[in-house]
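**Q** What follows is the residue order along each chain.
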Amino acid sequence: MSELNHEAIVIRDLHFAYPDGNEVLRGVNLCVTRGERVAIVGPNGAGKSTLLRHLIGLLRAHAGAIHVMGHDVVPESYRTVRRCIGYVFQDPDDQLFSPSVLEDVAFGPLHLGLPHDEIELRVDLALEAVGLTGLDHRAPQRLSEGEKRRVAVATVLSYDPDILVLDEPTADLDPKSRRRLIELLGRMNRTLLVATHDLDLAWELCQRVVLLRCGTVVADGPARRLLADAELLQANDLELPLLLQGRTYDRPTS
Amino acid sequence: MDRPAGAIARVDPRVKLVVALVLCVCVVTLPSRAYMAWAAYLAIVVVSVLANHRVAADIGRRAVRPLPFLVALVMLVPLFRPGRPVWQWEGLTVSAEGLYAAATLFFGSLLCVGAFAVVTATTPEERLLEGLRGIGVPATVAGVIAFMLRYLHVLRPELHRLRDARDARTIGPGGPGVVRSGANVLGSLLLRSFDRAERVADAMAARGYDGQLRVHHRHPARTGHVVAGALVTAIIVLIRVVG
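Sequence order for the protein chains is A and B.
Position in the first sequence (from 1) plus 3 gives the number in my numbering.
Position in the second sequence (from 1) plus 410 gives the number in my numbering.
It should be emphasised that the hints constitute simulated quantities derived from the structure, not laboratory data.
Among the hints, a few may not be true.
As the list claims (entries may be wrong) - Restraint ranges, calculated between C-beta atoms of paired labels, are given here:
(1) A:L245 / B:R590: 39 to 47 Å
(2) A:M191 / B:G546: 39 to 47 Å
(3) B:L562 / A:R82: 26 to 34 Å
(4) B:F479 / A:E121: 43 to 51 Å
(5) A:D75 / B:L562: 39 to 47 Å
(6) A:N32 / B:T550: 22 to 30 Å
(7) B:L601 / A:L245: 32 to 40 Å
(8) B:V474 / A:R82: 26 to 34 Å
(9) B:R420 / A:M191: 37 to 45 Å
(10) A:R37 / B:A578: 47 to 55 Å
(11) A:D163 / B:F604: 27 to 35 Å
(12) B:A453 / A:R82: 52 to 60 Å
Remember, predicted model here, so these are calculated numbers, not experimental data.
All residues carry an ideal CB built from backbone N, CA and C; glycine is no exception.
Could you put the whole structure together from the sequences, leaning on the hints where they help?
**A** This is how it looks when you write it as structure tokens:
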């Protein structure tokens, strides 16, 4: 139990298969300490998103156990656990379902039952944190992809979760928006768990990398060591981060 | 366009919706021969269009859209309204009273459609939804409309992408295959919509949704808007009483 008090997330021997029989998680073990920044990397179909969805009870494990901030993740504790975790989905159009940015950012605090003035304050602070003050009355469909992604982060910051969980946060972003998002996440002073293919993001943002393949953890260690291991990455259908490749595209000569 | 131009665009959507609703109730209960009142209501709608002349074309488009349905409905009225026959054919009789009632229904409906075209053309969708909730439309109904509007903007580009992907691989003459592939596109869109709905439900659950939809607003109605709305509403009701 004392271990649970120091750990933000503890996953023990997690197994899960979809109804079609596809076994996606095969005994995942993972501990994330409070305040730690961890990237989960792996090829397509490795089980990254499936693993994250278990953390807030969107999927239920067939075997194994998950603890979030000391709470068992079971149906009775879903509300408590979801209050601890700010989950940013891969597609911001799934995350931003309200007619305006204001309503979306206020959704979490409102469903926590906070008073009107407190919600107002939290919305303002969350939008300020992501650098989008003044966009509160904008409709989500009128935002750029980068703005949508930042508003998606604001929608979870507004209820002040202990842990931020992000699923492919830089997918579909142009370089400038990607850079802004990385800087924004870099300023977050809370536990961070990011599932990503973007190994450069993992290099810049995270202290630790967990390499997932076929539903099992094949490597777990400091980001700077794992992400520099070309052999390990290649064996798991990944490549060195671009900034370590130190090469540019050479135009082939005819 | 975030904020449509024009005087009425700045008015609180709740006030606009209430005025438009009162106008509609007065119009549909107005006797056919109250010509002065009809003219007055027409003047109110025309003035509200002119006050927003920058979006007049948009108002026109919105008012014209329901016309085919309206005409189809109105054409049936003279056939079923008993009265002095003016034309007969194969057992069908068109009565003078029926023609009169049809003209009244057509003109009245046009005024109502015009009033709501002004409201919708001068109010951004998100503010319109706030207005609907503000005048007491049940949260579930307003929520369904909100989701529909929000995801129309997502599904439309998705449909275009699917159609483009199909067209890019459609080679040779058309025929039954085109219809089949069109059906496939719609089928794919339906399946993607189901997937999207599941993901949205997950996103809502992740942020504490417990089956009861709550909404946060930031727009207290301004006294000036309420007073102006009350004045216009009073004029509309007075025309109905006098007319």
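**Q** State, for the Cβ atoms of N32 of chain A and T550 of chain B, whether the hinted interval 22 to 30 Å holds or is violated.
**A** violated, 43 Å
**Q** Falls inside 43 to 51 Å, the C-beta gap from F479 of chain B to E121 of chain A?
**A** holds, 47 Å
**Q** Is the hinted range of 39 to 47 Å satisfied by the C-beta distance from M191 of chain A to G546 of chain B?
**A** Holds - the Cβ-Cβ distance for M191 of chain A and G546 of chain B, about 41 Å, lies within 39 to 47 Å.
**Q** Evaluate the given range 32 to 40 Å for the C-beta pair formed by L601 of chain B and L245 of chain A.
**A** holds, 36 Å
**Q** Mind checking the hinted window 37 to 45 Å against the Cβ distance between R420 of chain B and M191 of chain A?
**A** Given a distance of about 39 Å, which is inside 37 to 45 Å, the answer is holds.
**Q** Does the hinted range 39 to 47 Å hold for L245 of chain A and R590 of chain B at CB?
**A** Check passed, 44 Å falls within 39 to 47 Å.
**Q** Does the Cβ distance between D163 of chain A and F604 of chain B fall inside 27 to 35 Å?
**A** holds, 33 Å
**Q** At the C-beta level, are D75 of chain A and L562 of chain B separated by a distance inside 39 to 47 Å?
**A** holds, 41 Å
**Q** Do A453 of chain B and R82 of chain A keep their Cβ atoms within the hinted range of 52 to 60 Å?
**A** holds, 56 Å
**Q** Between V474 of chain B and R82 of chain A, does the beta-carbon spacing fit 26 to 34 Å?
**A** Check failed, 49 Å falls outside 26 to 34 Å.
**Q** Given a hinted range of 26 to 34 Å, is it respected by the beta-carbon distance of L562 of chain B and R82 of chain A?
**A** holds, 31 Å
**Q** Could you check the hint for me, namely that R37 of chain A and A578 of chain B are 47 to 55 Å apart, CB to CB?
**A** With Cβ atoms ~50 Å apart, the hint holds.
When held up to the earlier numbered hints, the structure conflicts with 6 and 8 and fits the remainder.
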